[in-house]
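With the hints as extra help, turn the sequences into a complete structure.
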Amino acid sequence: MTARQDTSTPLGRVRPLGPSAHGGGHWIRERLTSAALLLLGTWFVASLLMLPGLDHKTVSDWLRSAGGAVPMALFIIAAFVHGVDGLKVIIDDYVHDTGNNLFLNGLFLFAGIGGAALALFSLAKLAFGAPA
Amino acid sequence: MSRNPDRPLSPHLTIWRWGPGMLVSILHRITGSGLAVLGLALLTWWLWALAAGPDAYASFAGHASRWYGLVVLVGLTWAFWQHLLSGIRHLVMDIGAGMELKVNKFFAVLTVFGALFLTALTWFLILGVNQ
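Sequence lines, in order, name chains V and S. Going left to right, the first sequence walks through residues 1 to 132 as our numbering numbers them. Going left to right, the second sequence walks through residues 133 to 263 as our numbering numbers them.
By construction, these hints were calculated from the structure, which means they are not laboratory data. Treat the numbers as computed from the prediction; the structure is a model and nothing was measured. Just so it is clear, CB atoms sit at the ideal spot from N, CA and C, and this is done for glycine as well. Treat the hints with care, since some could be wrong.
As the list claims (entries may be wrong) - In silico contact screen, one side only, chain V against chain S (beta carbon under 10 Å); selected entries:
| id | residue |
| --- | --- |
| 1 | L11 |
| 2 | R15 |
| 3 | L17 |
| 4 | S60 |
| 5 | V70 |
| 6 | F75 |
| 7 | F80 |
| 8 | V89 |
| 9 | I90 |
| 10 | F108 |
| 11 | F110 |
| 12 | A116 |
| 13 | G129 |
As the list claims (entries may be wrong) - Some residues of chain V that are not near chain S, with every Cβ distance over 12 Å (derived):
| id | residue |
| --- | --- |
| 14 | D6 |
| 15 | A21 |
| 16 | G25 |
| 17 | A127 |
Claimed, not checked - Distance windows between CB atoms, simulated:
| id | chain 1 | residue 1 | chain 2 | residue 2 | range |
| --- | --- | --- | --- | --- | --- |
| 18 | V | H22 | S | I158 | 23 to 33 Å |
| 19 | V | P71 | S | V206 | 23 to 33 Å |
| 20 | V | T9 | S | A190 | 45 to 55 Å |
What follows is the structure, given as structure tokens:
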């Protein structure tokens, strides 16, 4: 009788690993945000196409409504998380020097969080502010 | 992480004949990087300009409708559709499907033509709306 083969998938093997059992966490989050962006990204492009115009008043009125502001907030969050996660994959693949790797990953992480904060603040200001 | 620079790297990028799978793989990374850096920067600028008022928005729209703005926007539209379609292809391959040579090659080529078609369609609709 041959030795029993490990039939678990590569993902199944790494999921229990790591200091807090999050060995596959980054990989899984990248896929989950990609699924969210499949919906939200298509919604964003389709919404821009279906607006009667792209002038300041039309776009502002759209983003002041719950149907515009709420999916836009979700789109901003999912897009920035997915963007930072994706850039990390590329950096980890091509930048092997520990110092440079940490520097670039840190730079894009901070830039991503800062950009997301600015985008969400702008959206909130628009949605909750007095109509111009 | 660390590599002994005295040891040779096995040859990779330079020795393979380019095929659709390789092209779509690297396009996925290039378009993803472009969307993450340039796309998110423009999205943030656009939202900031909207919140800052009609004058700031007019400045954004002015740059966006100049030739260099249109080049960037058309490029980002193509990057969006290419990354979306090759992303779907990756999700399918993540569950272990679509690995057969012919099927894999067919869907790789399909993402390239699909993205070009959707980019053309998107801008056809944008220019139609603005008239």
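Verification of the supplied hints:
1. A hinted interface residue such as L11 of chain V counts as satisfied when its beta carbon comes closer than 10 Å to some beta carbon of chain S; here the least separation is about 8 Å, so the hint holds.
2. Annotation: interface hint on R15 of chain V violated; nearest CB of chain S at approximately 14 Å, more than 10 Å.
3. Given hint, L17 of chain V at the interface with chain S, is violated; its Cβ is 18 Å from that chain's nearest Cβ, farther than 10 Å.
4. Contact between S60 of chain V and chain S, as hinted, is supported at the beta carbon level, the nearest pair being about 6 Å apart and thus within 10 Å.
5. Checking V70 of chain V against chain S: minimum C-beta separation of about 14 Å lies over 10 Å; hint violated.
6. Given hint, F75 of chain V at the interface with chain S, holds; its Cβ is 9 Å from that chain's nearest Cβ, closer than 10 Å.
7. About 6 Å separates the beta-carbon of F80 of chain V from the nearest beta-carbon of chain S, less than 10 Å, and the hint is met.
8. For V89 of chain V, the interface hint holds, the least distance from its beta-carbon to any beta-carbon of chain S being 8 Å, beneath 10 Å.
9. Checking I90 of chain V against chain S by beta carbon gives a least distance of about 6 Å; that is within 10 Å, so the hint holds.
10. Here the hint on F108 of chain V is kept, as its CB sits about 8 Å from the closest CB of chain S, short of 10 Å.
11. Look at F110 of chain V: its Cβ only gets to about 14 Å from chain S, farther than 10 Å, so that hint breaks.
12. Interface restraint check for A116 of chain V: the shortest CB-CB distance to chain S comes to about 8 Å, inside 10 Å, so the restraint holds.
13. Nearest Cβ of chain S to the Cβ of G129 of chain V: about 7 Å, under the 10 Å cut. The hint holds.
14. The Cβ of D6 of chain V sits about 16 Å from the closest Cβ of chain S, beyond the 12 Å cut-off, so the non-interface label holds.
15. With a least beta-carbon separation of about 21 Å from chain S, A21 of chain V lies farther than 12 Å from that chain, consistent with its non-interface assignment.
16. Consistency note on G25 of chain V: stated as away from chain S, and its beta-carbon is indeed over 12 Å from all of that chain's, at 15 Å minimum.
17. With a least beta-carbon separation of about 9 Å from chain S, A127 of chain V fails to lie farther than 12 Å from that chain, contradicting its non-interface assignment.
18. In this structure the hint that H22 of chain V and I158 of chain S lie 23 to 33 Å apart at CB holds, the actual value being about 29 Å.
19. Taking the beta carbon of each, P71 of chain V and V206 of chain S are about 24 Å apart, inside 23 to 33 Å as hinted.
20. Distance hint for T9 of chain V and A190 of chain S: a CB-CB separation of about 53 Å, consistent with the stated range 45 to 55 Å.
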